[in-house]
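Residues per chain, in single letters:
Protein chains: 2
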Amino acid sequence: MTPLNLKLSEARTLVDKLFDDELKIPEGREKRVIEAMRYSAIGSGKAFRPFLVLTVAKMLDVPQEQAARVAVALEMVHTYSLIHDDLPAMDNDTLRRGKPTNHVQFDEATAILTGDALLTQAFEVLANEKTHPDATVRIKLIEALSKAAGTRGMIGGQMMDLLGEKEPLTLKEVERMQSMKTGALLEFACTAPAILIGASDEIMQALKAYAHAMGLMFQITDDILDVEGDSATVGKTLGKDSKAHKSTFVSLLGLEEARQLARDLGMEAKAALKIFDDKADMLNHTTSFILSRNK
Amino acid sequence: MTPLNLKLSEARTLVDKLFDDELKIPEGREKRVIEAMRYSAIGSGKAFRPFLVLTVAKMLDVPQEQAARVAVALEMVHTYSLIHDDLPAMDNDTLRRGKPTNHVQFDEATAILTGDALLTQAFEVLANEKTHPDATVRIKLIEALSKAAGTRGMIGGQMMDLLGEKEPLTLKEVERMQSMKTGALLEFACTAPAILIGASDEIMQALKAYAHAMGLMFQITDDILDVEGDSATVGKTLGKDSKAHKSTFVSLLGLEEARQLARDLGMEAKAALKIFDDKADMLNHTTSFILSRNK
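So the sequences go chain by chain: A and B. The first sequence: position 157 = 150 (the numbering used here), numbered continuously. The second sequence: position 112 = 105 (the numbering used here), numbered continuously.
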């Protein structure tokens, strides 16, 4: 196991423990929706966003328990977005994180409610005083997450993405769409620990710059994997974008130029972290890892 | 116009103005989702929940601007739930608030995102300092709303309701299902103003008791309307429950006994408000109105 895979696996374990606490199965018939939440949230997925939260938190000396709760809230939002994106009316996908998508395993109605419930509970987790003793800090986290997940962030990006299937997006629009659709939550992952300790503007800006470059780079490698990857290794259906005639970095730039752009963004991501010196080793390692990922 | 209809209409106007402020249409292609949010949120519907928030707020001398923001957040959650409930995979409904449902007017994918966006933005509205200067109060509102809207409240109730189509619910289960599905948000409507001013436990308990009785009564009259009402007057498809073989108060108790139960709950609702004396006139008037409603 590489140091990064070990850290990802540690993040997965830590977050799963908290998921298990937060998602207790009740007595009544409504338990079906909690079972469906657990099915999609626990034990599967790379836990890349929780890993980012925990890694930045460690770099900034944020208490791990606080960071873990933020990581769980964020992973709830990410998981809800996957469940809804996979629905027949959206991407109509049957495979996610190496197993049947939520609506295939349960049914469409349950999958819609499951996504709604995860989104709702994410805010409950952040609002709880266990996340941070100061209510002002919790409010800042809630404001940041609702903005990142809303129409100016993830949902707006997903809307643009869906419309892009009908009318192609320009490179500028693809960049904007991706920085909303996936970039906004990645920025939250990297900046939430700074919110937890009330870090300086300089630190906040550095983390934002890192998140922006790393997020775009992550997306470009995702686009490359969609063309070149192996479905069994990646754990989701591939080749979807070209099938849906979606504009992607690869379709607009070609494979070689897309790879070069990813490398440039990797340099940018590393430059952004200079102020943290060798405390940023794990984040820099992450950048290199994303550039070479095959899943 | 009756005094109550006037108040409902005033609540509608006030909330619509705030919706208009909160839901500004952006430049980019993602504007489609904001247009769809506006379509379902603005100008249609009885605004019963906002009316409740504003009426309790007036009774407790809560500043109207604070109450209005809570009312908007709550109406966002209520509207999202209607949009998702109307989807083909759920109730598959085409008429809502006298016009085509969101997925009919736009499309299913947009309707899913529209609901998600309204839910997300509700928490952003509550988190904003305009809602209350004290972050602790805003956190309490967010905790209360996320609980009311989540698996122990609205979503759990909706899950039970869906499962009830396959296997009939008992009267006790119907009562529990309804107190979760619609009662939890009505309780939030009645208690949020008390949270805004940090009211005493006695006031909080009285408002909870009122909300509980009124909520069940509201649901029973809804069940009666589903059997006896006029679709054009009510503004939504009727006769759905018996068509879906759903267990309701009417199917389990019969029309006469259901009407009697509604009257008993009406008495209970009025008794709960005794401590507010004639300040509760409008809420008592509301109870009488619900008992005699035809839409």
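Please note that the accuracy of each hint is not assured.
One copy or two, it doesn't matter: identical chains are merged, so the pair holds either way.
Claimed, not checked - Computed list of lysine-lysine pairs in DSBU-like fashion (alpha-carbon distance at most 35 Å, straight line):
#1 K236 / K272
#2 K239 / K272
#3 K17 / K267
#4 K24 / K159
#5 K10 / K236
#6 K239 / K10
#7 K159 / K51
#8 K239 / K0
#9 K159 / K0
#10 K10 / K159
#11 K0 / K233
#12 K272 / K233
#13 K24 / K201
#14 K123 / K236
#15 K159 / K17
#16 K236 / K24
#17 K239 / K17
#18 K165 / K233
#19 K267 / K24
#20 K24 / K165
#21 K272 / K17
#22 K123 / K239
#23 K17 / K165
#24 K133 / K159
#25 K51 / K236
#26 K140 / K17
It should be emphasised that the hints constitute simulated quantities derived from the structure, not laboratory data.
Here is how each hint holds up against the structure:
For a Cα distance limit of 35 Å, the shortest separation of K236 from K272 qualifies neither inside one copy, at 42 Å, nor across copies, at 64 Å. Taking CA atoms no more than 35 Å apart as the test, K239 paired with K272 passes in neither setting, with 39 Å inside one copy and 60 Å between copies. Taking CA atoms no more than 35 Å apart as the test, K17 paired with K267 passes in neither setting, with 43 Å inside one copy and 39 Å between copies. Taking the shortest alpha-carbon separations for K24 and K159, only the inter-copy value of 16 Å comes in at or below 35 Å, while the best intra-copy value is 39 Å.
For the homomeric pair K10 and K236, neither the shortest alpha-carbon distance inside one copy (38 Å) nor that between copies (43 Å) is at most 35 Å. Proximity of K239 to K10 under the C-alpha cut-off of 35 Å is found in neither arrangement, the shortest distances being 38 Å within a copy and 38 Å between copies. Proximity of K159 and K51 under a CA criterion of 35 Å is satisfied in neither setting, with 44 Å inside one chain copy and 50 Å between copies. Taking the closest pair of Cα atoms, K239 and K0 come within 35 Å of each other only inside a single copy of the chain (33 Å); across copies the shortest separation is 49 Å, beyond that limit.
With identical chains, the CA atoms of K159 and K0 are never at most 35 Å apart, being 40 Å at best within one copy and 45 Å at best between copies. For the homomeric pair K10 and K159, the shortest alpha-carbon distance between copies (34 Å) is at most 35 Å, but the shortest distance inside one copy (42 Å) is not. Taking the closest pair of Cα atoms, K0 and K233 come within 35 Å of each other only inside a single copy of the chain (30 Å); across copies the shortest separation is 52 Å, beyond that limit. For the homomeric pair K272 and K233, neither the shortest alpha-carbon distance inside one copy (38 Å) nor that between copies (61 Å) is at most 35 Å.
Taking CA atoms no more than 35 Å apart as the test, K24 paired with K201 passes between copies only; the shortest distance there is 25 Å, against 39 Å inside one copy. For the homomeric pair K123 and K236, neither the shortest alpha-carbon distance inside one copy (45 Å) nor that between copies (46 Å) is at most 35 Å. When the C-alpha separation of K159 and K17 is checked against a cutoff of 35 Å, the pair qualifies only between copies, where the shortest distance is 24 Å, while the shortest distance within a copy is 42 Å. Taking the shortest alpha-carbon separations for K236 and K24, only the inter-copy value of 25 Å comes in at or below 35 Å, while the best intra-copy value is 37 Å.
For a Cα distance limit of 35 Å, the shortest separation of K239 from K17 across copies, 28 Å, qualifies, whereas the shortest one inside one copy, 40 Å, does not. In this homomeric assembly, K165 and K233 come within 35 Å of each other (Cα to Cα) only inside a single copy, at 21 Å, whereas the closest approach across copies is 47 Å. Within a single copy, K267 and K24 get their C-alpha atoms no closer than 48 Å, and across copies no closer than 38 Å, so neither meets the 35 Å cut-off. With identical chains, the CA atoms of K24 and K165 are at most 35 Å apart between copies only, with a shortest distance of 17 Å across copies and 45 Å within one.
When the C-alpha separation of K272 and K17 is checked against a cutoff of 35 Å, the pair qualifies neither within a copy, at 37 Å, nor between copies, at 42 Å. For the identical chains of this complex, K123 and K239 are neighbours neither inside a copy (42 Å) nor across copies (41 Å), given an alpha-carbon limit of 35 Å. For the homomeric pair K17 and K165, the shortest alpha-carbon distance between copies (23 Å) is at most 35 Å, but the shortest distance inside one copy (44 Å) is not. Within a single copy, K133 and K159 get their C-alpha atoms no closer than 37 Å, and across copies no closer than 43 Å, so neither meets the 35 Å cut-off.
In this assembly of identical chains, K51 and K236 lie within 35 Å of each other by CA distance neither inside one copy nor across copies; the values are 41 Å within and 57 Å between. When the C-alpha separation of K140 and K17 is checked against a cutoff of 35 Å, the pair qualifies both within a copy, at 28 Å, and between copies, at 14 Å.
Hint compliance for this structure: hints 1, 2, 3, 5, 6, 7, 9, 12, 14, 19, 21, 22, 24, 25 are broken, all remaining hints hold.
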